[in-house]
Each structure stands twice: as C-alpha cells, then as structure tokens.
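Given next are the chains, with one letter for each unit.
2 protein chains.
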Amino acid sequence: MTAQEANAQFKVVVVGQVARDLVLQIERMPDDGGSVPVQKRQELLGGKGANQGVACRRLGADVSLVGVLGDDQAGHTVLAQVAADGMDVNGVVIRDGAPTALLLDIVQPDGVRRLFEDVDSRVLLEAGDVRASEDLLRSANAVLIQLQQPAAAVTAALDAADPDALVVTDGAPPDNQTRERVLRRAVVVRADVEETEALVGWKPADLTETIEAAQKLLEEGPRVVALASPTGGNVVAWPGGHVVLPFIEEEPVDPTGAGDAFVAALTVGLLHGQDPETAAWWAAVAAARVVGKAGGRPELDLDEIRQAAANARRR
Amino acid sequence: MTAQEANAQFKVVVVGQVARDLVLQIERMPDDGGSVPVQKRQELLGGKGANQGVACRRLGADVSLVGVLGDDQAGHTVLAQVAADGMDVNGVVIRDGAPTALLLDIVQPDGVRRLFEDVDSRVLLEAGDVRASEDLLRSANAVLIQLQQPAAAVTAALDAADPDALVVTDGAPPDNQTRERVLRRAVVVRADVEETEALVGWKPADLTETIEAAQKLLEEGPRVVALASPTGGNVVAWPGGHVVLPFIEEEPVDPTGAGDAFVAALTVGLLHGQDPETAAWWAAVAAARVVGKAGGRPELDLDEIRQAAANARRR
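Residue numbers (my numbering), protein chains in the order written: chain A, 1 to 315; chain B, 1001 to 1315.
In isolation and in its complexed conformation, chain A is listed as follows (with noise of 0.2 angstroms):
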C-alpha cells in the first residue's frame, strides 16, 4: 500500500488565498530606469491556498479549496490548474466584475525574492462564500484557515468546522475577538515572526522568547504552536515539549511556499497520528523540499519525507 492510498480517508479543506503566481528569475536587479532580461518565466498556481492545498494533496490527502478567482480569464486558468492538480474546486468561487489576484515573484540567483501582492478586496472571501460550502467544512478531517482573510470569513470557517476536525490556522487573526476565537478553537496554530507580535501581543527577538511566545500561546488553547524563529528554523511546541526545526534546506533557490508545505506536512503528519515531534520533522523536511525549487509548488512524496525526517531527526 502506498502512502497515497493509506491516506486517502483523510480530507483537508483550505480556507484561504488563490492567485496566479508569476515567477521571473533575474541575475540582477534592474538599477532605477533601467532594464534585465528575465532568465525563465513561470506561471504557476499560487496563493497561501492554493499552495498548502497542493501540498497536501500531493501528501496524499483529499483536497478542496475555498477560495475567491475574478471572473477574467486568469481566473479560468488557475480555476483549471486547481482541478488539474486533484483538488476539489467546489468550494472556489468567481466573483463577478472582479480581477483574480496576482502574485509576482522575482527570484534572484541566491534564493532571494521580492513579492509584489495585487489583490483586490473583491478576492478575499465572503462570511457567505464560506457557508456555502459548510457541508464541505464539516466533513472534513482538517481544516486549514488562513488569518489573512476577512475576519467574517475566518470565524464562519472556524464555526463549520467539524468539532473533532483538526483545525489548523496559518498566520496573524484581523482582530482581537477573531484572535480569541481562533485560540479557542485551533489545534495548531502557525505564524511567523510578524504574525507572531499579533498573537502574542510582543515580538520575539531570538529563539528564547520564541519558545516562551509558543508556550503562552498553548496556554490559550491549541495543542501544537508553529513559529517561525527571528534566528532561522523554527519552533515546535506542544504541551510539555518543544522542538527546534533548522533550515534545512541545501540549495535554496526561491523561499515561496516554503512556509505553506510546513503547515501542509504539519497537518498531514498529525492526522497520521503521528507525535507533534515527528510531525514537526515532516514539516521542515517538506519546506526544504520547496525552497529548492522556484515557484511555490513542491514534488512531495510521503514515504520520502518521512525517511528524510528520521534521518534529519537523528543528526
């Protein structure tokens, strides 16, 4: 039995952003009025979504997405590239009059990025876009929230949840009430350094103070705190217990996604029952696996993620 098939039960529904993504790489940064040739053009599915959605899908999980596309015709592309990819686009809705939501991504040869984010107010999900695919929400064994999102849409996603569904949210809550809900009802709650001061009130400023800010947050509610560390890697903490994940990645080429396989590979290690620790181990080794590649959308293979995690594990 392959890991696919083992984890084929298992259906994760991700609340949250999809986009084109446009990744140029460059040699060089244009200087002020002048010009560079791009080195390769991609265009990718992309968006916060999207990723983690493709993420889990190639960890073998059963995948929908609830997400806002414009009606033009980038939206029928990356509606198309959602379905081509195995997910479920039930739950995407297209907004009529509106753009789809573009990422640019420019790469330089040392992994280094620049972000350019137009997104329209109009792609962002609707407390209604959410309740219509409550069925989907409550049936699912994990669901994936994005903070970014309104908080209308966040805190509808987190009420249709299913109540033993692992709910996993992903980044800094609009406000302090969606702040309190989601500390109540998440199991796993991920942010990075930024988004880490919106939780916790203070920014850490080594991995000490992540540790601590991981523990407070555990204090509130979830079972498992994801932060990334302001040092590099990142932290795992669970009630009891902690881990410190390094970067461990060897070439890095582009650090889009790598955030989204984390949360992606976290989530599907511990609906395989496996310990916040080892689940933890997955997640670095998937995002690893992402930033050695440009554009966002990592080849993951389970069984390989998990040898590379005991092995990592052991170092």
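Quick caveat, the hints were computed from the structure, so don't treat them as lab data.
Given the structure is predicted, the values throughout are model-derived calculations rather than measurements.
All residues carry an ideal CB built from backbone N, CA and C; glycine is no exception.
One or more of the hints may lead you astray.
[As the list claims (entries may be wrong)] If you only want the chain B side, here are some residues facing chain A, beta carbon under 8 angstroms, derived:
(1) P1030
(2) P1037
(3) A1080
(4) A1098
(5) L1102
(6) V1112
(7) F1116
(8) E1117
Given the coordinates of chain A, work out where chain B should sit on it, guided by the hints.
Chain B only, in chain A's frame:
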C-alpha cells in the same frame, strides 16, 4: 476635415516587437525577501513595435504591424488588442510553440521604472516573416524598422521598402554590415545614448558630442538623425541644421513608450511634409504626452500636438 481624415492616405508599416506589457505601480520597491502591495495593475499591448504602431495610428496613419507572437493564450489576447487598436494584423506571425514576449514594467510614484524583459528568441522576426509581408512593405509611405530584431529581418525590411518610402530605423544595428545598410537606406535614424555608441563608435558625453554624433551620421546618408542626449532631451539634426528638444512633460508618471511616441510623431510629421525642425517639436510633445501616463500607450491628438508644438517652440 479632421487630422485623421487628412492623414488617412499615409500608410505606415512598423517592423518590430509585439508583446504583453504588464505594468505594476508600486509605492516602493520591496527589500530583499520582502513584499509590497501593488497599487495598480494594467495588462496592455506592448513592445516597441506595437507602441510605435499605436502612436502612429492615434496620429491618424493607417498602420500595419509586422511582428511575432507566440501561439499561447497571451498571443491571441495581444493579437486581438492590436486589431482593437485599429491596426492591420496581416503582418503579425503566430509562431507555433513559442511563448509571447512579456515585458514587466514596475513603476514607482516618481516615474522611476524598472523593466524586466522576457523575449524568447523564437518571437524575434525572421527574414521569411518579413518577406511574407513584402506587399505591405512595398506599398507603405513609411516603414519603421526596429534594429533590435535580427540582422536578416532588418535587411529584408530595408530591401522590401519602396525606394520613395520614408524608412525610419530605431536603435542600434545588430552588426557592422547591417549598420552600413541602415545608413545607406534609412531616411531617418533614431538612437538613444547607448545605441548612438553602436552607430558612431563612441559614446557622446554631453550635448555638444551628441550634436557631433548626429552630424557624423548625416554624412553617411540619412536625411534626419534624432539622438537622445546624455544630458536629457533630444537632438534632431538635418543637413545644415539641428534643434535641441527639451523634455517638456509636466508630471512624469512612466517613461515607457516615450521614445516610441517620439519616433512615431517625427515620422508622421515628416509624412505631413513638415520640415525636420517642426516634426521634431511634434515628436517632443508626443513624448511628453506619454510620460504623463502609465503604460506606454498614449492618447495622442494630432491637432493638439501641432498646437502644443508651436507653443513649445515659441518659448
């Protein structure tokens, strides 16, 4: 009689680049690893050939474009835009399996722009592409040729133009043999500072040297030479005289396409029987109209430009 009607007899063929032009306006460039929101996104018809063609069309000429698009979705979108802008598309080649050129134009509030050019060699013109439009070229009153295209295509265009046609070249010749042919055949030669170096063998350091370079080029055949000066503005020279054109834009927004409007208006002015000095003032005004607007596709009105040029000249 409107200017457009008076002008309808002029047939202009533009031989050069046709592309998608993605224009993003931002407040500031992101740092390494950072992200910024996009203030405004435009997806336009672009490329020097298309920009010069649109400008000639808006100045009232009948315009045919000779250029190459890919057979992708973008190519078909761009082709429709060329037609919607009132240009003849019979000379536009759709190349099997090639990606349509993408120009990404990132513009800041002060009008500073950075250009990212993704032009696959397969969407450059081949001699056969140009020869397939021989009848178009032979019947044109003016032929605008971009010297960024391969030597064989440039030569084919020079050869196909009617002996009485106003042949206008823009840019630096790809090699020395092409340089000889260009200077022998072109009536008008246009170049920026870098391109002037390729034409005369040295780079003008100031206005005096730019005038010297123009006079040297006039000795080799062209009747009008238009060179950008490193000190800003342009020099237009003819046997026995020259004029220095200042930049006359008020609020610079995006310099994209200003040089293309300059060439187009200079060409249309000369077709209208204006002396080089008058045509040069038309060109300077047309360029100013473009710089005041993002995206390189100006609204141009011949009567307004004629009047504004007369006013600017009087100052």
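Verification of the hints:
no.: 1; hint: P1030; in the structure: holds (4 angstroms)
no.: 2; hint: P1037; in the structure: holds (5 angstroms)
no.: 3; hint: A1080; in the structure: violated (11 angstroms)
no.: 4; hint: A1098; in the structure: violated (13 angstroms)
no.: 5; hint: L1102; in the structure: holds (6 angstroms)
no.: 6; hint: V1112; in the structure: holds (5 angstroms)
no.: 7; hint: F1116; in the structure: holds (5 angstroms)
no.: 8; hint: E1117; in the structure: holds (5 angstroms)
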